[in-house]
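Trainee: Take the sequences, apply the hints, and build the full model.
The sequence shown runs contiguously to residue 418 in the UniProt record's numbering.
Rather than coming from a laboratory, the hints here were simulated on the basis of the structure. Just so you know, not all the hints are guaranteed correct.
The calculated PhoX-like cross-link candidates involving lysine-lysine, where the alpha carbons are at most 25 Å apart (straight line), are [to be verified]:
| id | residue 1 | residue 2 |
| --- | --- | --- |
| 1 | 184 | 170 |
| 2 | 59 | 170 |
| 3 | 125 | 184 |
| 4 | 59 | 33 |
| 5 | 33 | 60 |
| 6 | 58 | 170 |
| 7 | 60 | 185 |
| 8 | 223 | 258 |
| 9 | 169 | 33 |
| 10 | 169 | 58 |
| 11 | 185 | 170 |
| 12 | 169 | 184 |
| 13 | 169 | 60 |
| 14 | 125 | 97 |
| 15 | 169 | 185 |
| 16 | 184 | 223 |
| 17 | 170 | 33 |
| 18 | 184 | 59 |
| 19 | 258 | 357 |
Simulated DEER-style distance windows between Cβ atoms [stated by the list, open to error]:
| id | residue 1 | residue 2 | range |
| --- | --- | --- | --- |
| 20 | 194 | 139 | 39 to 49 Å |
| 21 | 328 | 384 | 11 to 21 Å |
| 22 | 111 | 224 | 27 to 37 Å |
| 23 | 263 | 320 | 18 to 28 Å |
From the three backbone atoms N, C-alpha and C, an ideal C-beta is built for every residue, glycine too.
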Amino acid sequence: MDYSVYPRHDVLCIDMRSFYASVECTRRGLDPKTALLAVVGDPNRSGSIVLAASPALKKKHGISNVSRFFELPDDPQLVIAQAHMGDYLEVSVEITKMMMNYVPPEAIHVYSVDELWVTVNGLEKLYGSPYDIARMIQDNIRDQFGIECVIGIGDNKFLAKVVMDIHAKKAEDGIAECRYEHVKKLLWPTLIEEIWGIGSRMMRNLNRMGIVTLGQLANHPVKYLKKHYGVIGEQLYWHAWGIDLSPVIGNFTKTEQKGYGHGITLLRDYTGEELSTVLLDLCEEACRRARRDEQAGRTVHLSVGYASEVGGGFSRSMSIDQPTNITMDMYHLCMRLFRTFYDGESNIRRTSVTLTKLHEDVATQLTLFDDRPKQKDVGIVMDQIRDKYGSTAILRASSFTDAGITPERSKKIGGHFA
Numbered sequence: 001m002d003y004s005v006y007p008r009h010d011v012l013c014i015d016m017r018s019f020y021a022s023v024e025c026t027r028r029g030l031d032p033k034t035a036l037l038a039v040v041g042d043p044n045r046s047g048s049i050v051l052a053a054s055p056a057l058k059k060k061h062g063i064s065n066v067s068r069f070f071e072l073p074d075d076p077q078l079v080i081a082q083a084h085m086g087d088y089l090e091v092s093v094e095i096t097k098m099m100m101n102y103v104p105p106e107a108i109h110v111y112s113v114d115e116l117w118v119t120v121n122g123l124e125k126l127y128g129s130p131y132d133i134a135r136m137i138q139d140n141i142r143d144q145f146g147i148e149c150v151i152g153i154g155d156n157k158f159l160a161k162v163v164m165d166i167h168a169k170k171a172e173d174g175i176a177e178c179r180y181e182h183v184k185k186l187l188w189p190t191l192i193e194e195i196w197g198i199g200s201r202m203m204r205n206l207n208r209m210g211i212v213t214l215g216q217l218a219n220h221p222v223k224y225l226k227k228h229y230g231v232i233g234e235q236l237y238w239h240a241w242g243i244d245l246s247p248v249i250g251n252f253t254k255t256e257q258k259g260y261g262h263g264i265t266l267l268r269d270y271t272g273e274e275l276s277t278v279l280l281d282l283c284e285e286a287c288r289r290a291r292r293d294e295q296a297g298r299t300v301h302l303s304v305g306y307a308s309e310v311g312g313g314f315s316r317s318m319s320i321d322q323p324t325n326i327t328m329d330m331y332h333l334c335m336r337l338f339r340t341f342y343d344g345e346s347n348i349r350r351t352s353v354t355l356t357k358l359h360e361d362v363a364t365q366l367t368l369f370d371d372r373p374k375q376k377d378v379g380i381v382m383d384q385i386r387d388k389y390g391s392t393a394i395l396r397a398s399s400f401t402d403a404g405i406t407p408e409r410s411k412k413i414g415g416h417f418a
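Mentor: Pasting the structure below:
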């Protein structure tokens with residue numbers, strides 16, 4: 001591979017180790033490296049997921065981020081912390097602000113609450129090599145926030161991310177570097193399921209083709225990968241060679257809105273009759289966001305997952321001629337889909353609604369027999385009240401029934417307590 005034609009940058013991929021657990025340790029004056037601490041979504045539910053475990057807890061008891069509360073060990077040193085998503089977001093924002101001391105905002109790409117890319121091109125005269133900069137950032141994050149981080153360094157985002165996942169997390173100093181010339185040695189022996197961007201389904205498909213390692217993927221004819229998987233197959237091939245042309249400088253916060261959706265995993269099994277209340281609350285949230293952005297949609301998508309003892313469910317959509325962001329329009333379409341495809345007896349544990357095929361919200365088309373302008377005005381007034389006084393300042397009566405979800409959801413961020 002002739003790498004001379006491809007761009008070279010100094011990109012750092014920074015990942016906060018056991019981020020939620022580290023924040024909770026710091027709040028309690030504990031050492032994140034030695035404390036046994038687990039962050040649990042809701043300690044009042046035995047089946048609640050462990051969102052984060054401190055490194056010592058992972059090592060001593062094998063607890064991971066897919067463990068459940070009831071699986072935690074009976075260890076007198078174990079500290080149980082309820083998740084506080086608002087605190088984690090606040091620390092994440094402050095870490096991002098700290099990065100702006102070294103690079104401009106357009107050189108920072110936040111990937112998740114605990115991971116980001118930073119492009120440090122041209123900073124050698126100020127701070128030294130990319131490795132020196134990585135060490136400086138590690139020290140500053142540790143000193144200011146009490147959090148350990150690992151950092152991958154690469155010519156592009158893909159290389160920085162993958163070498164961080166594969167090598168930096170195992171390195172004594174938590175830093176690893178991979179340039180184009182290092183790809184064969186550092187990355188090709190890696191199993192494809194360990195590579196960022198390759199999920200379990202793609203792994204199985206590639207394994208059936210005899211592709212087990214990244215090196216085997218790189219040496220598989222690209223025409224066959226493209227034939228089987230289209231543009232995704234071609235992208236996998238170039239990634240296997242360490243080539244990624246995605247921008248490293250730019251405004252990464254601007255994304256085109258494809259749809260407005262909300263979903264929930266219910267805290268108990270719901271009957272078909274009860275789900276109508278949940279769907280109304282979800283449609284209210286989705287349409288509120290659409291109205292805020294002056295968007296309306298033509299297609300409504302409904303997904304329903306049955307309880308674990310039954311399994312399965314359905315996912316269906318329906319389109320209308322006139323775009324809408326009126327809550328009751330979306331709700332009635334969801335109920336039509338639900339009545340059509342629900343099996344009539346299974347309990348329900350998961351559901352989501354989405355408004356897509358977006359258009360700019362324009363004047364409502366009038367007819368002699370409906371009250372759409374009135375419904376739209378009611379929605380706008382309700383939005384204004386909620387914006388001023390809070391999301392629960394005005395709710396539909398159904399939200400206060402046992403099946404309602406809005407009062408409880410209002411206390412949470414990302415499904416967990418703020």
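Trainee: All the hints need checking, so say for each whether the structure fits it.
Mentor: Each hint tested on the structure:
| no. | hint | result |
| --- | --- | --- |
| 1 | 184 - 170 | holds, 19 Å |
| 2 | 59 - 170 | holds, 13 Å |
| 3 | 125 - 184 | violated, 30 Å |
| 4 | 59 - 33 | holds, 11 Å |
| 5 | 33 - 60 | holds, 12 Å |
| 6 | 58 - 170 | holds, 14 Å |
| 7 | 60 - 185 | violated, 32 Å |
| 8 | 223 - 258 | violated, 31 Å |
| 9 | 169 - 33 | holds, 14 Å |
| 10 | 169 - 58 | holds, 14 Å |
| 11 | 185 - 170 | holds, 16 Å |
| 12 | 169 - 184 | holds, 19 Å |
| 13 | 169 - 60 | holds, 18 Å |
| 14 | 125 - 97 | holds, 22 Å |
| 15 | 169 - 185 | holds, 17 Å |
| 16 | 184 - 223 | holds, 21 Å |
| 17 | 170 - 33 | holds, 15 Å |
| 18 | 184 - 59 | violated, 31 Å |
| 19 | 258 - 357 | holds, 7 Å |
| 20 | 194 - 139: 39 to 49 Å | violated, 29 Å |
| 21 | 328 - 384: 11 to 21 Å | holds, 18 Å |
| 22 | 111 - 224: 27 to 37 Å | holds, 31 Å |
| 23 | 263 - 320: 18 to 28 Å | holds, 21 Å |
When the structure is compared with the earlier hints, violations turn up for hints 3, 7, 8, 18, 20 and for no others.
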